[in-house]
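Asks: Here is how the chains run, residue by residue.
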Amino acid sequence: MNKLILGAAAAIALYAFTKKKGSTSGTDTSNSSDPAVTATQKATRSVTFYKA
Amino acid sequence: MAELAVPIPMTPRTFYTDTALSQNKAKMDAIGKTFYKEIKQAETLTKVPGSLILSLIFTESGGRPAVVSSANAVGLMQMKTQTANDIIYWENKAGRLSAEELAILKKHLGERVNGPLKQKYLSHKIKENNYTGNVIVKADLMKPELNVLLGSMYLGILMDQHQEGEVLRLDKVLVRYNQGYFFKPGTGSVEQTLDLVKGKSKEAYSYILKVVGKNGLLETQGK
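Listed in order, the protein sequences are those of chains A and B. Residue numbering for the first sequence follows this note's numbering, beginning at 1 and increasing consecutively. Residue numbering for the second sequence follows this note's numbering, beginning at 1 and increasing consecutively.
Derived by calculation from the structure, the hints in this document are not laboratory data. Check each hint, because a few of them may be wrong.
Claimed, not checked - Here are the simulated EDC-like cross-link-like pairs (lysine to aspartate or glutamate), alpha carbons at most 16 angstroms apart as the crow flies:
1) B:Lys120 with A:Asp34
2) B:Lys118 with A:Asp34
3) B:Lys93 with A:Asp34
Unchecked claim - Have a look at the derived ranges for each label pair, beta carbon to beta carbon:
4) B:Gly199 with A:Thr40: 23 to 29 angstroms
5) A:Ala36 with B:Leu21: 35 to 41 angstroms
6) A:Asp34 with B:Thr187: 20 to 26 angstroms
7) A:Thr38 with B:Ser206: 30 to 36 angstroms
8) B:Leu102 with A:Thr44: 19 to 25 angstroms
9) A:Asp34 with B:Pro12: 35 to 41 angstroms
10) B:Gly222 with A:Thr44: 31 to 37 angstroms
11) A:Thr40 with B:Lys198: 32 to 38 angstroms
12) B:Gln23 with A:Thr38: 27 to 33 angstroms
13) B:Tyr131 with A:Asp34: 16 to 22 angstroms
What the hints assert, rightly or not - Covered stretches of chain B, as calculated for chain A (at least 3 residues, CB under 8 angstroms):
14) 145-159
15) 206-216
Just so it is clear, CB atoms sit at the ideal spot from N, CA and C, and this is done for glycine as well.
Working from the sequences, and respecting the hints, build out all of it.
Replies: Dropping the structure here:
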C-alpha cells in the first residue's frame, strides 16, 4: 500500500515538473519565441500615408 | 514626421469626442516639439513613423519621461526593463541593429549593452548580465533618447509581425504593445479583432481606438 502511495506521489511530482518545464505562459525562455522578423523588413518598411 | 501605410481611421468606432480633438492636437504638438529630436532620430533609424511614435508617447505617458506605472513600465513609451533588454537581444539576433543604433545603446548603457548582445536565447543568464537575463534598470528608461529608440524598435518588431500582405494591422500592433508581447490578437478583421479585445480588456480596447479610431491620435495629426 505504501509503495502504491509513493509511486503515485512520484508520478504527480514528475507530471508537475514536466508541466513547469513546458510552460509557455509569461516570459517564454525558449528560442521559439524569437520573432521571425528580418533586417530586410526593417530596411524596407513603408512609411507612406494614405487616408481611407 | 513620416506617416503610415494604413487607412486612418482603421475603424469608425470612437474613443475621443469631437471636443477632445483640439486639446489632443495642442498637447501632441507640445510633446512633439519637446521631443522632436528623439522622435525624429528614432523614426530615421527604425523607420517607424514618427506620428505613431508620438501617438504612443501621448497615450502612454502624456510626455512625462520619468513616470513609472504600477506595472513598472517606465518613461515616455512606458517600457519595462526586461522587455527593453529583450528588444536589444531580438534586434541583434535578427541582424537588425545598425551601427547608429548600437552607438546610441552604448552611449546610454556602456559595457552593459554586451548583456543582450551576447545572450544566446531570451532571458539567457550569462556573466555579462550578472546572471539575471537583464541589464536594463529603470533609470535607463527615463532617458528620452533611449526610451524612444527602444520603444520604436519594439513597435517595428510588432509592425513586421503584423504586415499582412499590403495591409499593416496596426490594431494588432497596438493591442500587443498594450497587453504584452504574448497577447494573441487572433486572425479576424479589424472589427472582429476589436470585438475580441473588447471582451478581454476594456483598457486595451480603448487604447486601440485612441490611436486608430475615428477622432484618434493618428487622424488628429493628419488634420
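Asks: Next step is simple, just say for each hint if it's right about the structure.
Replies: Hint-by-hint comparison with the structure:
| no. | hint | verdict |
| --- | --- | --- |
| 1 | B:Lys120 with A:Asp34 | holds (11 angstroms) |
| 2 | B:Lys118 with A:Asp34 | holds (15 angstroms) |
| 3 | B:Lys93 with A:Asp34 | holds (9 angstroms) |
| 4 | B:Gly199 with A:Thr40: 23 to 29 angstroms | violated (36 angstroms) |
| 5 | A:Ala36 with B:Leu21: 35 to 41 angstroms | holds (38 angstroms) |
| 6 | A:Asp34 with B:Thr187: 20 to 26 angstroms | holds (21 angstroms) |
| 7 | A:Thr38 with B:Ser206: 30 to 36 angstroms | holds (33 angstroms) |
| 8 | B:Leu102 with A:Thr44: 19 to 25 angstroms | holds (20 angstroms) |
| 9 | A:Asp34 with B:Pro12: 35 to 41 angstroms | holds (37 angstroms) |
| 10 | B:Gly222 with A:Thr44: 31 to 37 angstroms | violated (23 angstroms) |
| 11 | A:Thr40 with B:Lys198: 32 to 38 angstroms | holds (35 angstroms) |
| 12 | B:Gln23 with A:Thr38: 27 to 33 angstroms | violated (40 angstroms) |
| 13 | B:Tyr131 with A:Asp34: 16 to 22 angstroms | holds (21 angstroms) |
| 14 | 145-159 | holds (count 3) |
| 15 | 206-216 | violated (count 0) |
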